[in-house]
Amino acid sequence: MDIFSDLLMGMSVALSPVNILYLVVGALVGMTVGVIPGFGPAAGIALLLPVTFGMDPISAVVMLSAIYYGAMYGGTITAILLNTPGDSGTVASTFDGYPLAQKGRAGPALVMQAVASFTGGTVGVILITLLAPLFSQVTRSFGPPEYFLLAMMGILTLVVMIGGNWRLGLISALIGFALGTVGVDLETGRSRYTFGSAELIGGINFIPVAIGLFGLGELFYAFYRGIHKVDSSDMITYDRKNNFWPKAQDFIETRFTLVRGSLLGFVIGVIPGAGAAIASLVAYSVEKSLSRNPERFGKGEMAGLVAPEAANNGASSGAMIPLLTLGLPGSASTAILLAAFLMWGLRPGPLLMTQNPEFAWGLIASMYFGNMALLTISIFAIPVFVMILKIPYRVLAPVVLVICTLGTFSVNSSHIEIYIMLAAGVVGFMMRLYGFSPAAVVLALVLGPLAEESLRQTLTISRGSFGIFLDRQASVWIIVITIVLVVVLPMIQLIGRRAREGKSTT
Amino acid sequence: MSFHKTGLTGRGMATLAATAILGFAVTGTAQAQDYPAQPLDMTVAFAPGGGNDIMSRVLADILQKYDLYTQPISINNRSGGSGAVGWGYFYNQAGSAYDVSSTSGSIITTPLQADTPWHITDFTPVALLATDDLVLAVSSDSPYTTIEEFIEGARENPPVIGGTGTVNVDFIAIALFAEKAGFEFDYVPFNSRPDSQTALLSGALDALMNSPGQVVGMVEAGEMRALAYTGGSTPAELEGVPTMASLGMDPGVSMPRGLILPPDAPQEAVDWWIETMRFVVDTPEWQQYIASNMLTEITLFGDDFNEYILNTEAAFANTLRAGGYID
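Heads up: the protein sequence lines correspond to chains A and B, in order.
Start counting the first sequence at 1; every next residue gets the next number (our numbering).
Start counting the second sequence at 1001; every next residue gets the next number (our numbering).
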């Protein structure tokens, strides 16, 4: 088999002592930058990129890629412990991750997220190994009309997910869309709501808003409840002896969730531009639709954490496919990797894998070992991270505030973004108090501009006709899948529950 | 350099000799003027990995390798606001002899879009070192195999052409080309170069404007066809692709890769940098950089560079104003 000889050759490259060293360094840096809110994979790669100037491209790519997928492991830790997602891909992990921690299950939640991340990452690499050329065809059929439909799919699943308090959820999403309109209008080149500020022409960044709404919002809310006056934080309880490892039940209940989340995440990750945010959202909503107990989602259901975690890691692997097979990056992080390819003198494109097999297969092989290393590091590091919960809140809170500020500033070295973060913190506190949905705000902020820009591109291409959505095969498929996701699945669930309730009453 | 071995080749010897002579010439004048006496701060107005970043790192390597700049050099990525943050910082270093920065299309377009305190004419021009040019390409499914066929088709049936951004050289170059070739088109702006490439592959666009480095892999794999090049001479990888100038339809704009000093930089520093850059552009390392990044080689110094920037800015502003994209 060709693939296996390629993979074996890749293994021999990846397992050279130097490359193992770079792999472990990358994994550690990735975990660490992932833990700091705001300081996500893109910032981590950018930080170490200058170091790779003049380095062997294989060692360099092994290290930078490990930072990239390592950050996906670390990002969830703060999502679970502090309700602060560090990246758009981990927003969905706060839905059940934080409630789990509040229920005293922080240990099992962290272990399960590491297991889910490992599964998502590893399933992803296996699929890259076996099916990269096939999936590059998926990438190839996506243009502006498909991106618009995909963004709509994300927005609709968001609406389904808001569920209960839909009025407040809708208002939250509208705030997110409004924030998404700030910046230079791509189509006309005109600035919108920037008031002449050069720092705002690039638009309002996701990171300061997310850190403010979630991290600072939670912080202010804790002060409001007087948590800082108590000696030890009773916001989250944790018992090292009896409640660290997940129960067998956790694994059994989520075994299919793991597989579904990984596959779904991978497929969505293959599409450039869609990425981990849409993948984790869709995975979450699929699990909720398939669950026998959808009412437990959002209140600390393990499947609600495992699904988005498997999906965002699956997506980060999937995003490697367009990068390696076509030279097309699908996210901010892979875009920096692509720039690095050019800097190292490689020529990204369809021939990269055949012209530089050691490079491509060395990278792929290193991802198997990288995920194993990250699982191990996570298991050892989790007890350390959980200690955070032992720190009295009046000591922890200022540290969190400083880290959030530094994390925000580190992204673009922008003062305006710190003010945005602080303002979002006040708004986030209010939202927490009155039951609005911060998740809807940040996801709408990510998906809104994608939907707007791709719709306008589509209509320029079709010269104003909406018929283009039915002319293109890929578009039709997305429409069908969206209908299944937001209409058919919830209806089946509803009918199933009616039938069960009918039985129990008779 | 291992002199105790006898294996120093003739070529190695020649390079060594050339380095010694030129190096002496440069450092000779520099020492007389006591420049440089302090560490150098290179402002890169974009994140690591971009065109400005790579150029600055190559330049710093050459300056140190040939002992041209004898003091430490630090490269600082001051990114944000399409260059506004970095060049804003640089503008505030007025009068400094120990700050340098590199130019790109954004140094002209960002002030056209936002109220920046600085303008390209505020800075002290040193040299234009190269230009980053663009390829007009179609998918291999396209009926057009040559630029002539494309223009003929476009005159009858206006094509949909993608590029990166609107207030950007991509749009300006194709607009000026189309005007000279006598066809109209619908322009679809994308957020990044790979985005427009994805759209072309999916069959949504008729053609795109993109950088040669991004396109050449696709061209070699037979996925795309390069039809014309905006620069003065076509890179080796795209041999046989005509330049727009050779068709008599030169758009005359490009992304200038040059070196600038802060406003009111001391004349001594300006002279040192012009002299040094004359040497740098002839080094094999610089030639290697030009080739592997598929840039167009063009060098203009001091006032000539200044004139080039003013012409480019006028062409940018006129085209964008005509399209109603800026006031």
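Hints are not guaranteed to be accurate.
[As the list claims (entries may be wrong)] On the chain B side, residues computed to face chain A include the following (Cβ under 7 angstroms):
#1 D1115
#2 T1116
#3 P1117
#4 S1211
#5 M1218
#6 T1296
#7 E1297
[Unchecked claim] Computed spacing ranges between beta-carbons, pair by pair:
#8 B/G1323 x A/G196: 43 to 53 angstroms
#9 A/V399 x B/P1039: 33 to 43 angstroms
#10 B/P1158 x A/G196: 28 to 38 angstroms
#11 B/P1039 x A/V18: 25 to 35 angstroms
#12 A/R463 x B/G1232: 53 to 63 angstroms
Hints listed in this document are in silico derivations from the structure and should not be mistaken for laboratory results.
Glycine included, each C-beta is placed from N, C-alpha and C at the ideal position.
Taking the hints in turn, this is what the structure says about them:
For the restraint placing B/D1115 at the interface with chain A, the shortest Cβ-Cβ distance is roughly 4 angstroms, inside the 7 angstroms limit, so the hint holds. Using the Cβ-Cβ criterion of 7 angstroms, the hint placing B/T1116 at the interface with chain A is satisfied: the shortest such distance is roughly 5 angstroms. Given the 7 angstroms rule on beta carbons, the hint for B/P1117 is violated: about 9 angstroms separates it from the nearest Cβ of chain A. Proximity of B/S1211 to chain A is violated relative to the hint, the smallest CB-CB distance being about 10 angstroms (cut-off 7 angstroms).
Because the beta carbon of B/M1218 sits about 5 angstroms from the nearest beta carbon in chain A, less than 7 angstroms, this interface hint is met. Among the interface hints, the one on B/T1296 is violated; its C-beta lies about 17 angstroms from the nearest C-beta in chain A, farther than the 7 angstroms criterion. This hint is violated: B/E1297 has a C-beta 18 angstroms from the nearest C-beta of chain A, more than the 7 angstroms allowed. At about 22 angstroms, the beta-carbon gap between B/G1323 and A/G196 misses the expected band of 43 to 53 angstroms.
At about 35 angstroms, the beta-carbon gap between A/V399 and B/P1039 stays in the expected band of 33 to 43 angstroms. Under the hint 28 to 38 angstroms, the C-beta atoms of B/P1158 and A/G196, about 35 angstroms apart, fit the expected range. Between B/P1039 and A/V18 the beta carbons are some 32 angstroms apart, a value that agrees with the proposed interval 25 to 35 angstroms. The hint said 53 to 63 angstroms for the Cβ distance between A/R463 and B/G1232, and at roughly 35 angstroms that hint is violated.
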